[in-house]
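Those protein sequence lines, which keep their order, are chains A and H.
Going by this note's numbering, the letters in the first sequence line up with residues 1 to 438, in that order.
Going by this note's numbering, the letters in the second sequence line up with residues 1 to 438, in that order.
Honestly, the hints are just simulated from the structure, not real lab data.
Just so it is clear, CB atoms sit at the ideal spot from N, CA and C, and this is done for glycine as well.
Any given hint could turn out to be false.
[What the hints assert, rightly or not] Mimicking DSSO-like on lysine-lysine, the simulated pairs with C-alpha atoms at most 30 Å apart in a straight line are:
#  : chain 1 : residue 1 : chain 2 : residue 2
1  : H       : Lys191    : A       : Lys27
2  : A       : Lys191    : H       : Lys11
3  : H       : Lys396    : A       : Lys191
4  : H       : Lys242    : A       : Lys70
5  : A       : Lys269    : A       : Lys293
6  : A       : Lys316    : A       : Lys131
7  : A       : Lys28     : H       : Lys191
8  : H       : Lys191    : A       : Lys76
9  : A       : Lys70     : H       : Lys131
10 : H       : Lys396    : A       : Lys70
11 : H       : Lys11     : H       : Lys242
12 : H       : Lys70     : A       : Lys394
13 : A       : Lys202    : H       : Lys75
14 : H       : Lys242    : H       : Lys269
[Stated by the list, open to error] Label pairs and their calculated CB-CB ranges:
#  : chain 1 : residue 1 : chain 2 : residue 2 : range
15 : H       : Lys89     : A       : Tyr410    : 39 to 47 Å
16 : A       : Ser389    : H       : Pro190    : 26 to 34 Å
17 : H       : Gly215    : A       : Tyr410    : 53 to 61 Å
18 : H       : Asn254    : A       : Val404    : 58 to 66 Å
19 : A       : Leu387    : H       : Phe351    : 45 to 53 Å
20 : H       : Leu250    : A       : Thr281    : 58 to 66 Å
21 : H       : Asn187    : A       : Lys349    : 39 to 47 Å
22 : A       : Thr409    : H       : Leu250    : 52 to 60 Å
23 : H       : Pro347    : A       : Thr409    : 39 to 47 Å
24 : A       : Asp311    : H       : Tyr410    : 33 to 41 Å
25 : A       : Thr92     : H       : Leu400    : 51 to 59 Å
Protein chains: 2
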Amino acid sequence: MEIPAKQNHQKRVVIVGAGFAGLSLAKKLSSQYFQVVLLDRNNYHQFQPLLYQVAMAGLEPSSISFPLRKIFQHKKHVVIRIAEVLQIKPETREVETSIGNIGYDYLVLASGATTNYFGMKNLEQHAFSMKSVSEALLLRNTLLQNYEKAVNTSDENQKSALLNIVVVGGGPTGVELAGAIAELRDNILPKDYPELNFNLMKIYLMEAAPRLLNGMGEASGKKVENYLSNLGVTVKCSTSVKDYNGTDVLLNNNTVIKSNCLIWAAGVKGNAPAGLPDSKTINNRLTVDEYSKLEGYNDIFVVGDLAAMTDRHTQKFFPQVAPVAMQQAALLAKNLHAMQRNAPLKPFKYFDKGTMATVGRNLAVAEIGGLKLKGIVAWMVWMFVHLMSIIGVKNKIFVLINWVWQYFTYDQSLRLIIHPTNKKERAPKVHTKSVIAA
Amino acid sequence: MEIPAKQNHQKRVVIVGAGFAGLSLAKKLSSQYFQVVLLDRNNYHQFQPLLYQVAMAGLEPSSISFPLRKIFQHKKHVVIRIAEVLQIKPETREVETSIGNIGYDYLVLASGATTNYFGMKNLEQHAFSMKSVSEALLLRNTLLQNYEKAVNTSDENQKSALLNIVVVGGGPTGVELAGAIAELRDNILPKDYPELNFNLMKIYLMEAAPRLLNGMGEASGKKVENYLSNLGVTVKCSTSVKDYNGTDVLLNNNTVIKSNCLIWAAGVKGNAPAGLPDSKTINNRLTVDEYSKLEGYNDIFVVGDLAAMTDRHTQKFFPQVAPVAMQQAALLAKNLHAMQRNAPLKPFKYFDKGTMATVGRNLAVAEIGGLKLKGIVAWMVWMFVHLMSIIGVKNKIFVLINWVWQYFTYDQSLRLIIHPTNKKERAPKVHTKSVIAA
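Work out the full structure: start from the sequences and follow the hints.
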């Protein structure tokens, strides 16, 4: 790896991952003390809360993705490298990556979470997940292809398997997806496919717990269940998926549902790099103290979804949500600066801004402080908060136009199945390994 | 293939290809006489004149692609199928496709043109082409990846091969691409990659003929050559490429240029389906009379880039441009209707609206009737005509915002390398063949 030399007074902070946590941290570290090396497998930051709208053809990937190099155009002390991290070598203070090794003074792991299939190989093979823009696009393409196949078959069993959609996981992602699919079915697909009878299309939302939205109050969960039922989604709580072969969904009560599209939003696990064998805790997350410091190391920190940090008040881990990630990153930036000045460090305190989930037009729930909102008010708060969180003025404009457009026309015009070409990437490889992981 | 039955009074017109010609025709055929089956390998129409802006990260694919099903939402007599045409069987009046056979009363071939490498296998393997949205995205991804590799190598030869770009073909596509690349180099890339010295990046435009823009007047060609030279593009006329191995570009004067990115815009050939062995003429186009009727058949017609129709005034073929395609389609629609009423048919007359090419901000040439425009006036005409030709109000708005944004900020924010996921498409196949070709 070719990295510009750091200046004499600088220490090098290597950050793995440019999600909410890694990006926030990189923005806040001062060139006065640090050279920052930001590593990510993609050349962009992705705004995960709206991935489901990319999957449902409501937004373009570019509206919720932002090129890292543009974000740091005016910060010469931030060096960006597109690379896959292979393992951490704490003994030599190095990170081994797909484009070579890099030494660090401080290492910050912010590589987030990935889909957890809890060891169910069939589900891992056949289910769709939605943790990245690429996965969201695959889901969008497959949905549209399934309808193209459905118009071309007269076999009713085959047809309903192609139409039906099963969403597993009743958290915000599952709820938002199920609502968006129901709106597609009601407002858009029948116009596009007059040959198909969309009464045949069933949408299921499965949740293993007795109710939806476990992270929110019981009233909100109940409200969302009502919204979804009214939209024609079959909500099944206390129900889990045991097996799936790409067509037959086997439930824990041994009934079978036919569907060629099962979307798995039922769990995540930490995306921990290799080389730190003793620090893993539940679901592959890394145990850290209140300063985000990794157990057993003085120069390695973990922030965001990968960090398992205990809330001293509840004795539970902080939830894996964007506000925790960004607040941990902000505090770590302060503490890293404090260390350089030998100033005292501060422990993490979470300021919970609230939780929200949207189900469809005019329908959402929000819990902000003591305030519980529902319906159109919650929906507008949801849109405002998300719009403001998107990076870039032009992206904000494009997302807003798309939303307004869809609101008034009941239409999304992004129903494109765009395939990559078959021509392989052919530029010669630099060093011995590919810069961009496939 | 499952196709709804046509009504008794209807004849079935099968149209192969939803480009300018096929789409125009399908829009104009009346349900009074016809059932229309529109076949395309993609589920969208692509606006080819702006592909180069997709490749240069200036526009999103969705801004210049439009879902076919949306275009025909209110026309029940137009049946859309996403399929690859395998061969024509005139003896049984059938089209064999990847999703089954379909019978026709009239067949209209509008499958356009594809890149012509004139038998040079190495170029076909290593060069980039730009005839589809997918190819434009591959080019965009590769360009950005090459810069990511360039920041990570200290070998100067390797670095300049990664930076240099060779465009082959001095027609409108080559000219517009070279200009867009020069603007990227001057305004955007140095901000994104402060580690790279963009004085090392050379842009070449090669044209085998003695001058650029052969389809336009000599003054326009000369003007564009000046524009490009001022933008720092090395224009080499009377120069052709003999060979290319992915790094070394061998020219006809036996000099070698180092570049990992050669874009081939030097020729097209007709994309003729199999099964019509005797009708091919120069460059795989199909010879038709003035009524677009294929030589030797009474129920097969060819329109657009695939048709080789002789202009009776010049004794040359009409050019392969969008206005010819759309006018041929409009006339064929009239003639097909006339046939049903036993009315006389009209021969094709081309109304030449003019030719244009843009080089960069404020720089373009246009020849409209006797009028020859250049500079900012031609550039504004170019933008207006292209903007008006894009399908859909929202697409027009998005393209306009992108252009205005780029004009004032000197910036494009779409520099994203989005890879497809590795997970294969897993829904079961309908019939025995895949509906969507890979």
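Would you pick out the hints that fail for this structure and give their numbers low to high?
4, 11, 17, 24
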